[in-house]
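Enquirer: Protein chains in written order, with the working numbering: chain A, 58 to 168; chain B, 38 to 156.
If you're looking for bench data, these hints aren't it; they were derived computationally from the structure.
Quantities reported herein were computed from a predicted structural model and do not represent experimental measurements.
Glycine is no exception: its CB is placed at the ideal position from the N, C-alpha and C atoms.
Any given hint could be a false lead.
[To be verified] Straight-line C-alpha distance at most 35 Å; calculated DSBU-like pairs for lysine-lysine:
hint, chain 1, residue 1, chain 2, residue 2
1, A, Lys-83, B, Lys-115
2, B, Lys-99, A, Lys-83
3, A, Lys-155, B, Lys-99
4, A, Lys-160, B, Lys-53
5, A, Lys-160, A, Lys-116
[What the hints assert, rightly or not] If you anchor each label on the Cβ, the simulated ranges turn out as follows:
hint, chain 1, residue 1, chain 2, residue 2, range
6, B, Asp-100, A, Gly-72, 47 to 53 Å
7, A, Asn-167, B, Lys-108, 45 to 51 Å
8, A, Lys-125, B, Ser-64, 35 to 41 Å
9, A, Ile-117, B, Lys-52, 23 to 29 Å
10, A, Glu-73, B, Lys-99, 46 to 52 Å
11, B, Asp-100, A, Lys-116, 42 to 48 Å
12, A, Val-100, B, Tyr-47, 17 to 23 Å
13, B, Asp-111, A, Asn-122, 37 to 43 Å
14, B, Ala-91, A, Asn-167, 40 to 46 Å
15, A, His-114, B, Asp-100, 17 to 23 Å
16, B, Ala-91, A, Lys-83, 21 to 27 Å
17, B, Leu-121, A, Gln-65, 24 to 30 Å
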Amino acid sequence: QQPVQSPQAVILREGEDAVINCSSSKALYSVHWYRQKHGEAPVFLMILLKGGEQKGHDKISASFNEKKQQSSLYLTASQLSYSGTYFCGTFPGGSNYKLTFGKGTLLTVNP
Amino acid sequence: EAGVVQSPRYKIIEKKQPVAFWCNPISGHNTLYWYLQNLGQGPELLIRYENEEAVDDSQLPKDRFSAERLKGVDSTLKIQPAELGDSAVYLCASSDTWGDQQRGYNEQFFGPGTRLTVL
Numbered sequence: 058q059q060p061v062q063s064p065q066a067v068i069l070r071e072g073e074d075a076v077i078n079c080s081s082s083k084a085l086y087s088v089h090w091y092r093q094k095h096g097e098a099p100v101f102l103m104i105l106l107k108g109g110e111q112k113g114h115d116k117i118s119a120s121f122n123e124k125k126q127q128s129s130l131y132l133t134a135s136q137l138s139y140s141g142t143y144f145c146g147t148f149p150g151g152s153n154y155k156l157t158f159g160k161g162t163l164l165t166v167n168p
Numbered sequence: 038e039a040g041v042v043q044s045p046r047y048k049i050i051e052k053k054q055p056v057a058f059w060c061n062p063i064s065g066h067n068t069l070y071w072y073l074q075n076l077g078q079g080p081e082l083l084i085r086y087e088n089e090e091a092v093d094d095s096q097l098p099k100d101r102f103s104a105e106r107l108k109g110v111d112s113t114l115k116i117q118p119a120e121l122g123d124s125a126v127y128l129c130a131s132s133d134t135w136g137d138q139q140r141g142y143n144e145q146f147f148g149p150g151t152r153l154t155v156l
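Excised from the complex, chain A in its bound form (with noise of 0.2 Å):
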């Protein structure tokens, strides 16, 4: 089951902060953030595990409710070099390793 991402796209000015959500109907172990700017790869946020542990970009912070199965990514501050398409990716748990991704939230930060 693909998660749900919103919003789709968000505009900010350099300095701005953001929201984006994560939401599964499934009951999830982890959630994964990526970014992705036009014509590079993915590259790795954060990941938060039921039960609080959590890893990664020190500069950007991230939320899992484990209970509603949501995940929200903060960007606090933004720069120019935070525009890219933000990908969440859900990961169930069990005996089933696969990633599942969103459909990407589009953010432009403009100077």
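On the provided structure of chain A, position chain B as indicated by the hints.
Expert: Below, chain B alone, put in the same frame as chain A:
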């Protein structure tokens, strides 16, 4: 440390022609993934390898797609024959730490992808 290498970066072919993509993962990474990314969509897993074994190929259209990872290092994904709907970006990724993978806690390192256009 070198990243995931993919070649070619771009490929344009006529429909019904064969095509192959190559991926060299990060050294030491036992897990290799092939993803398909359509325009405006997130990556979709095609196949996952643990060393040389394909442990999840449930999403691979086996009538025309095939993959191999000989010696558990680099990998090749082939399409034969290609159809118009195969036009997409084919991404390769790799990861390590099997223990973290079981918990869904391992980051994946992606290559730049191969953009395939089928005419």
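Enquirer: Compare the structure with each hint and give your call.
Expert: For each hint, the structure was consulted:
no.	hint	in the structure
1	Lys-83(A) <-> Lys-115(B)	holds (33 Å)
2	Lys-99(B) <-> Lys-83(A)	holds (28 Å)
3	Lys-155(A) <-> Lys-99(B)	holds (19 Å)
4	Lys-160(A) <-> Lys-53(B)	holds (29 Å)
5	Lys-160(A) <-> Lys-116(A)	holds (23 Å)
6	Asp-100(B) <-> Gly-72(A): 47 to 53 Å	holds (52 Å)
7	Asn-167(A) <-> Lys-108(B): 45 to 51 Å	holds (48 Å)
8	Lys-125(A) <-> Ser-64(B): 35 to 41 Å	holds (40 Å)
9	Ile-117(A) <-> Lys-52(B): 23 to 29 Å	violated (42 Å)
10	Glu-73(A) <-> Lys-99(B): 46 to 52 Å	holds (47 Å)
11	Asp-100(B) <-> Lys-116(A): 42 to 48 Å	holds (46 Å)
12	Val-100(A) <-> Tyr-47(B): 17 to 23 Å	holds (21 Å)
13	Asp-111(B) <-> Asn-122(A): 37 to 43 Å	holds (40 Å)
14	Ala-91(B) <-> Asn-167(A): 40 to 46 Å	holds (45 Å)
15	His-114(A) <-> Asp-100(B): 17 to 23 Å	violated (41 Å)
16	Ala-91(B) <-> Lys-83(A): 21 to 27 Å	holds (25 Å)
17	Leu-121(B) <-> Gln-65(A): 24 to 30 Å	holds (26 Å)
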